[in-house]
Every structure is written in structure tokens, then in C-alpha cells.
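Same order as they appear, the protein sequences are chains E and Z.
Each residue of the first sequence is one higher than the one before, counting from 1 in my numbering.
Each residue of the second sequence is one higher than the one before, counting from 1 in my numbering.
Worth double-checking, as some hints may not be accurate.
As the list claims (entries may be wrong) - Here are some of the chain Z residues that sit facing chain E, going by a computed Cβ distance under 10 Å:
id, residue
1, Leu146
2, Ile411
3, Arg418
4, Pro420
5, Pro426
6, Phe427
7, Asp527
I should point out that these hints are in silico values taken from the structure, not numbers from a laboratory.
Yeah, the Cβ is synthetic: ideal placement off N, Cα and C, and Gly gets one too.
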Amino acid sequence: MNWKPLLCSLLIAVPTLADEFKSANALYDAGKFAEAAAAYAQLTPKSAHIYFNLGNAWFRQDKPGLALLNYERARRLAPRDPDILANLKFAQQRLGVDEVNTPAKPVVRFFRNAARSRTLAEWARYEVSALWVTLLAVAGCIWRPKWRTGFVVVAVAAALGWTAATVALVNEVTAAPEAIVLTAKAEARFAPLADATVRFTAVEGTRVAIHEDRGQWLLVERADGQQGWVPADAVTRIKE
Amino acid sequence: MRVWFAILALLTATPVFADVTAVATVDQRRIGFGDSFTYTITINGASGGLQAPNIPPVDGLQFQGPSVSTSMSWVNGQSSQAVNLTYRVTPTRLGQFTIPAAEVTVAGKTLRTEPITIAVEKNAAASTLADGLFARIQFDNQPLYLGQTAPLNIVLFVRGDVPLQGLNGFQAQADGLNYKFLDKVKQGTQVISGQNFSVLLIDGAITPTQVGKQPFGPVVIKCQLRTPKRGGNDFFDQFFNRIEVREVPLTVDPITIDVLPLPDAGRPAEFAGAVGQWKLDVTAKPTEVAIGDPITLTIRISGTGNIDLVTPPKLTGLDEFKTYDPTTKTSKNELNTAGERVIQQVLVPKSTAVKQLPEIRLSYFDPVTKTYTNAVAPPINLTVKTGTGGQSTVISAGLRVRPEEKLGQDIVYLKGDRGPAAAAVPFCATPVFWVLNFAPVVALLGGLGWKRRTDRLRGDVAYARRSRAARGARKLLATATTPDAIQQALQHYLGDRLNIPSAGITAAVAEERQLPGAVREIFEACDAARFAGMAADVAALKQRVEQVIDELETATL
Numbered sequence: 001m002n003w004k005p006l007l008c009s010l011l012i013a014v015p016t017l018a019d020e021f022k023s024a025n026a027l028y029d030a031g032k033f034a035e036a037a038a039a040y041a042q043l044t045p046k047s048a049h050i051y052f053n054l055g056n057a058w059f060r061q062d063k064p065g066l067a068l069l070n071y072e073r074a075r076r077l078a079p080r081d082p083d084i085l086a087n088l089k090f091a092q093q094r095l096g097v098d099e100v101n102t103p104a105k106p107v108v109r110f111f112r113n114a115a116r117s118r119t120l121a122e123w124a125r126y127e128v129s130a131l132w133v134t135l136l137a138v139a140g141c142i143w144r145p146k147w148r149t150g151f152v153v154v155a156v157a158a159a160l161g162w163t164a165a166t167v168a169l170v171n172e173v174t175a176a177p178e179a180i181v182l183t184a185k186a187e188a189r190f191a192p193l194a195d196a197t198v199r200f201t202a203v204e205g206t207r208v209a210i211h212e213d214r215g216q217w218l219l220v221e222r223a224d225g226q227q228g229w230v231p232a233d234a235v236t237r238i239k240e
Numbered sequence: 001m002r003v004w005f006a007i008l009a010l011l012t013a014t015p016v017f018a019d020v021t022a023v024a025t026v027d028q029r030r031i032g033f034g035d036s037f038t039y040t041i042t043i044n045g046a047s048g049g050l051q052a053p054n055i056p057p058v059d060g061l062q063f064q065g066p067s068v069s070t071s072m073s074w075v076n077g078q079s080s081q082a083v084n085l086t087y088r089v090t091p092t093r094l095g096q097f098t099i100p101a102a103e104v105t106v107a108g109k110t111l112r113t114e115p116i117t118i119a120v121e122k123n124a125a126a127s128t129l130a131d132g133l134f135a136r137i138q139f140d141n142q143p144l145y146l147g148q149t150a151p152l153n154i155v156l157f158v159r160g161d162v163p164l165q166g167l168n169g170f171q172a173q174a175d176g177l178n179y180k181f182l183d184k185v186k187q188g189t190q191v192i193s194g195q196n197f198s199v200l201l202i203d204g205a206i207t208p209t210q211v212g213k214q215p216f217g218p219v220v221i222k223c224q225l226r227t228p229k230r231g232g233n234d235f236f237d238q239f240f241n242r243i244e245v246r247e248v249p250l251t252v253d254p255i256t257i258d259v260l261p262l263p264d265a266g267r268p269a270e271f272a273g274a275v276g277q278w279k280l281d282v283t284a285k286p287t288e289v290a291i292g293d294p295i296t297l298t299i300r301i302s303g304t305g306n307i308d309l310v311t312p313p314k315l316t317g318l319d320e321f322k323t324y325d326p327t328t329k330t331s332k333n334e335l336n337t338a339g340e341r342v343i344q345q346v347l348v349p350k351s352t353a354v355k356q357l358p359e360i361r362l363s364y365f366d367p368v369t370k371t372y373t374n375a376v377a378p379p380i381n382l383t384v385k386t387g388t389g390g391q392s393t394v395i396s397a398g399l400r401v402r403p404e405e406k407l408g409q410d411i412v413y414l415k416g417d418r419g420p421a422a423a424a425v426p427f428c429a430t431p432v433f434w435v436l437n438f439a440p441v442v443a444l445l446g447g448l449g450w451k452r453r454t455d456r457l458r459g460d461v462a463y464a465r466r467s468r469a470a471r472g473a474r475k476l477l478a479t480a481t482t483p484d485a486i487q488q489a490l491q492h493y494l495g496d497r498l499n500i501p502s503a504g505i506t507a508a509v510a511e512e513r514q515l516p517g518a519v520r521e522i523f524e525a526c527d528a529a530r531f532a533g534m535a536a537d538v539a540a541l542k543q544r545v546e547q548v549i550d551e552l553e554t555a556t557l
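Turn these sequences into a full structure, and let the hints steer you where they fit.
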């Protein structure tokens, strides 16, 4: 049996993932931003580029909060992509949350930016690589004592790298999940009660860390350290 | 100084004797200018409570010191002690000087020395060489104007038989004049009164800073002469070239320079102190520009005179230009008698109405013609067109003017491809990540254990034998077919296990070492089969040996 014609017909008939992506882009170019957003949202598995384009589609529909959410998701997958960073910043500026989402303390800002400059997978690869180099250098010190000085230098440098990578990795893994406020104003209260005193009001686009989840209410923390309970439907988690 | 008085205090820590006196002396009362002499205050009979002497300052004499020494003498069974405070005194001018009485306080009692008069003359040593070594100041005796730079040289004549080694600098008195001399000395020869002289010419220049009659000199040149070593034998000194270099000051007579003030008559308003002959050269590039484009105006002032007194001409009529701070570069010769100053000024025309750069003037006083002169650079025609706008332009090195531009802001356009898909499970959550983390740790620990074991096997014979005892014995036992071979296998095991020679192990040794009874029984059974010809069950014996080995492997021997 000749399978080639059948295989070719199947390939032609089933749209590829690349085709779907291009179709969504075509909708965007045609100004059909809502349809484009829906098309991007259906694409799986997700990638940084899909989130980025989805963010653009939301931005064009004047939904900067949703755009910011998707830019954040894109940044998590490609943290050094200049286009993603530019649009993320622009969306934050449009929403007026650029300052609110930035930690005030320079030290905190530095370490946060350093940790977020790599993906979780990249930190994991750095950690494994540094561990191997450290242990190989230690083995070199033991079995090749003639070159001990060189091995010690390499071992110390690699151990420092391993420590840094491990700290960043552990921090990323154990950090509280983050979310973006998508309602125009989310009132953060002292207690998970509708009539509790309002502590602060988080505007759309504010990035918060979720410390506790009680179903209808979430205990969240703003970048400046202020905490409060907000309704669960006011925010959307960045990590899907 | 504090150290010396601390030493003094230590030296004078003994009781004070009676009849304390203080005497001041000098080593010579007539000295040549350029030489120095020693001034010593001797305190006799004092050895305690001595304070620093008070010497009144003397104009024209510089005191250095004191250096402290003590001496002790015994006369008719009585001791006397003297403390000497020695100063080195250097005259700074010719004349007669009186060092007034110095006051010395010893144990609360104030003593006074006698005043001493000395005369400082033209150097006596140099006078003996006057015929063969002399110098003159070479100067054109014309009056100078304030700020004018003029050459002034020193000419040194050295007769052929004068052993001049070299010069070690010179000192000159010149309060109202700035002077500079070159380090490089020109050399030539000249015949004077039928004798050959080397002529050394030291080029120099002076610039008056005060009006009036200004003395220059006396100048003391430090000449280094080669002389035979003192106290030696002439023949041997010459043979072994034993000479020493002695510094002899050579005094040159002073001259007086008449310094005139700059005349008031005809002084231009823009005159700023430049004296000499100066030339002004002005260029501008480019001369055809658009509004906002820079024009580099270069003003070059060059000529003879002191360039440091020349200030850049003031630029006027530049209202239609945007101006930047000028840069100035100055170069001059070693004596500062000629130089060049280049001023670069960046100008940016503000409108098309600008047609030319204005005239530039530099006023200076010419000491040759004795008149004020204006060096004039004529106006430079310019063509200024309408600006193109929106472009950054480089004005000069490192200076950039960027027109203000309002940039639009928007999100970056779509990505054209899907890009790499996100992993369903992060790498750090996969088993591979944990294997890669633990594998090197396990491997390293295993390697360390193996290394430790091999090192011990290499260095510890008992441990090495004990480790291989069972394996070796079982190997022998597997091939054993006779009671004799079985006994050898057991001996081999026990020898390795106990780290003793295998051949000497018998039933008696086993009993002596308190080994299990089965060992002795095996030995006896084997002996009976070997020596008494009794039948033996080889398989049963091998099995018992196996059991004994198993038992002994876990036992502590």
C-alpha cells in the first residue's frame, strides 16, 4: 500500500500549530483583536511569544490589566526578551503602577531583578553545572594534588556560583505565587470580611504576592510590603 | 631638634658642678661667600639642667643645628665636663656680621657668651683661581620694559690647566626679576692673553617683574674641581688616580638692569599686558553652514616674548551666535622667549541674518619699536542657511548637540513565530534534575571510600592480608583434593587472618591462640590422614573448613 498520498493529504488537512499562530496574527493585523485574543488563548502549549501576542491583543482592546498579566507570563518564560520587557514596562506606565510594582529598597530590587533575570529551568541548569564543576574540582584536588592550587580556585569559584544559583532557585520555587489585580480597584482589607476596614486600594495592574488562600478571599502583599485581604475574583494568578 | 634636646637631657642627668661658664667660638672669622663656618657654644663645668640656648637671629646668616657633643677631662684628680653645641652657619650675602651674645640657661642660671664678628668676602678660594677660572654675565645693557623677556647668559672661562670636573648649579640674587637658565651648557674655546681657555656658555633669559633698577647677582657658581686627596703622597695619588672632587664657589659680579614701566601714552583700551612681537592668525571652518551647525573659530597667537602674559582677545559682536567654552593650547620654548597660543571657540549661528564673524584685535606692547601695536584679524564672511533640523550634529571632539525630539511611544509589534514552548514540568521538578544533583555527590563519596581502602591496602600489610584471607583460602580449598591441601588452605587462611607465617601454624598454635576447637580438630584429622594413613572424608573436611572460615570471618581474633 502506498502511504505517501494519504500522509500528504493528512498534513494538508490538519492545520499545524504554526498555521494557527499565523492565523491569530492575521486576525490581529486585520484589527480583529478580540478574535485574535481568543485564538491566542486557545493555542497550546503556550510559549513566551504566544503570551506576548496575547498581551498585545488585550492591549489593543484597551485592557491593559490583562495585557500586563500576559506580558508577565511571557516574561517568566523569556525574562530577557527586550520586546517583552518593553511592553511590560509600557503597560505598567499606562496603568500607573510602574512605581507600585517596584520594591522601594534598592537591595530588594537588585536581588529580585537578579533572580528574575533567568527562568527556573536556567537556574536549575546553573545549579547542576556549578555542582558538577565544584565536585570535579574537589576530586581533582584529591587525585591530582600537583594541581591543587588551580583546582582549589576553580572549586571556590564554582561553589560560590552554586550557592548563588541555589539561593535563586530556592527563592523562585518557594516564593509566594504572584497575581495581577484585574479589577479597576481592589480594596485590601484588614480581615477577610466584606465590612472589614480597608487597608489600601490596589489599582488595576498592581502585582501582588498571595500568602494565603481562603477560597473567596486571598491575603496579598504589595511590592511595598503592605498586606491585606482582597476578594479572590479581583486578581488573577500569573502562573496558570 | 627635639631628639637632640632629649639627648642633651640624658647627657646632663648628673649633678651640676660649680664654676659653670659658656664660651662661643667660630672656626674662622673671615670666609668667602658661598662657604660656611661653624659656631660652637661650649658650656664648661655643667652637666645638668641645661636648656636650649637662645641665639638671636642675624640678618644674612643661616644657622643649622645644633649637633651636641660632650667631653670629660681629669685635672689634679678632679673631673670636669664640657658640652659643645655646634651650629653650621651659612652667609647669604657679603658683608660683616656680628653674632650677638647667646644666652644659655644651666640649672636655672643664665649664662651669656661674648659676641663674635665675622667677615664674609668674595670667596678666598676662588680668588686663587681667579686668573684661570672666572665668569661674566653676558647681557645687552639696554633698559628693559616691565614684562619684556630678554636673553641673559653666563659665560664661564676655564683655563686649560684648571681641573674643572663640572658644575653643580648656581645661586643668584634677583628680587625683581624672573630668570631661567638652560641645564644644557654650550662649550667652546677661546685664546686669552696667549692662553687656551674653555668657554662654557649657560643660556638664560630674564623677565622683569618690578620697575626700577633691579640688581641681578652676585651669582655663585658651584664649580667642582679635581684635586689630589688630602694627606696622601703625590706620586701614589697620581699613580692610583687617588683624587677627590672639591666644590669651589665662583662668584660672578652682579649687574644692574634698568626696568622701565610700560608707557601710558597710546595704550589701547583692550591692552591686557602682552609684551613682545606677536602675530594673530584667525580661521573659521566651515564658512557655509545651516542654522544650528557649529563653526570652529581658531585664533592662533604666535611670536616672541613671554606667552604667559598674552591673554586671549575678547570676542565681541557674537550676539547672533550660541557660544561654547573655548579650549586653549599653549606651547613655548625652554626659556619662554617665544611661544604660541591656540584658542578654539565653537560658535553656532542662531539665524540666517549672520553674515560674518567680527574683526578680532590683539593689543600688545612692542619693546623694539617702544609702541603699542594692534594685531588685527579681518572679519570672516559666512553663509548661513536655514537649518535641516532633527539631526544630531557633532560640534567638536566630545561635544554633541542633539536637537530635542519627541519620540512616540507604543507597544512593540507581534512576534512572528511561536517560539519555544514552555515545558509542562519544570526541569527542577524532573527526576533527571535530582539524579544529576545526587550522582556526583555519591560518586565523590564512593571514590573517597575506594581511595581510602586502596591507600590502606597499600600501607597496612595486616589489613591487606586479613582482607584477602577468606578469598585466597576458598580459592585454594576449591582445588584441594587431599587432606594435605585442605590443611594448607586452612593454614593459609589463618596466616593471613592473624598476620603470621602460614607454614608454622599447627594444632598447637591454634590451641595457643585460643581458636575455635574445630580448627584443632581439622588439623588433627588432616595429620592422622597424612601420617597415620587413616582414611579421611575430603568433602566433609572441606565443608568443615568452609564453616570455620565463615565463623572466623565474623569473629574478633
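**Study point:** Interface hint compliance - Z:Asp527 to chain E, C-beta minimum distance less than 10 Å
**Key:** 51 Å, violated
Exercise for review: Answer holds if the nearest beta-carbon of chain E is closer than 10 Å to that of Z:Leu146; otherwise answer violated.
Suggested key: 62 Å, violated
Point to revise | Z:Phe427 as chain E interface residue, shortest Cβ-Cβ below 10 Å | key: Holds, because the Cβ-Cβ distance from Z:Phe427 to chain E comes to roughly 4 Å (cut-off 10 Å).
Review point. Taking the closest Cβ pair, is Z:Pro426 under 10 Å from chain E?
Key: 5 Å, holds
Point to revise | Hint check: 10 Å Cβ-Cβ cutoff, Z:Arg418 to chain E | key: 5 Å, holds
Review point. With a cut-off of 10 Å, does the beta carbon of Z:Pro420 approach a beta carbon of chain E closely enough for the hint to hold?
Key: Holds, because the Cβ-Cβ distance from Z:Pro420 to chain E comes to roughly 6 Å (cut-off 10 Å).
Review point. Would the stated hint for Z:Ile411 survive a check requiring a Cβ distance to chain E of less than 10 Å?
Key: 5 Å, holds
When each numbered hint is compared with the structure, violations occur for hints 1, 7.
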